[in-house]
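Can you build the whole structure from these sequences, using the hints too?
Note that this note's numbering has the sequence shown beginning at 222, numbered continuously upward.
The set of hints was computed from the structure by calculation and includes no laboratory data.
Wrong hints could be hidden among the right ones.
Stated by the list, open to error - Once the Cα atoms are required to be at most 27 Å apart in a straight line, the calculated DSS-like pairs of lysine-lysine come out as: (1) K296 with K337; (2) K338 with K305; (3) K296 with K338; (4) K338 with K304.
A quick note: this is a predicted structure, and the numbers were derived from the prediction, not measured.
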Amino acid sequence: MIGTFPGPLTKLATNCGSGSVPVYKEYAGAPLAKICRGSAVPFADCGPAQQLPAGWAPPQGYVYEAAWLATPDSKAYCEAQGKKGITEGRWTAYLCHEEYRGGADLPLLHQVLYVKK
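Structure representation (structure tokens):
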């Protein structure tokens, strides 16, 4: 199980024997990762590149509107922008969701605004 930045706890490999083996993950370009034996020699003893889980998808009818790098205030800002769009008649509903976006090597956590037009 891999549960370190940049994502939620995700099963990417299984040890088919007894005991444990130290492993680490190497990004092979988003959304691919490789699980490697050992500690820190890049791609020295790795399994095949694996697709990272797709994860969450917005509900039907909602489309991407904007995203902000996650900060302590980003959720409140996203909510304010969502309400503002409703008040201005640009959309009928909104939702804010935290997700990892961008960077092939290091996706960053964003607060993302989805809207229903």
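Right, here's what the structure says about each hint:
A threshold of 27 Å between alpha carbons decides the hint, and for K296 with K337 the separation of about 18 Å falls inside it, so the pair holds. For the suggested pair K338 and K305, the alpha carbons sit about 14 Å apart, so the restraint of at most 27 Å is met. Distance hint between K296 and K338 is fulfilled; the C-alpha atoms sit about 21 Å from each other, no more than 27 Å. Distance restraint check for K338 and K304: the Cα-Cα separation of roughly 13 Å lies within the 27 Å cut-off, and the hinted pair is therefore satisfied.
In summary, this structure violates none of the numbered hints.
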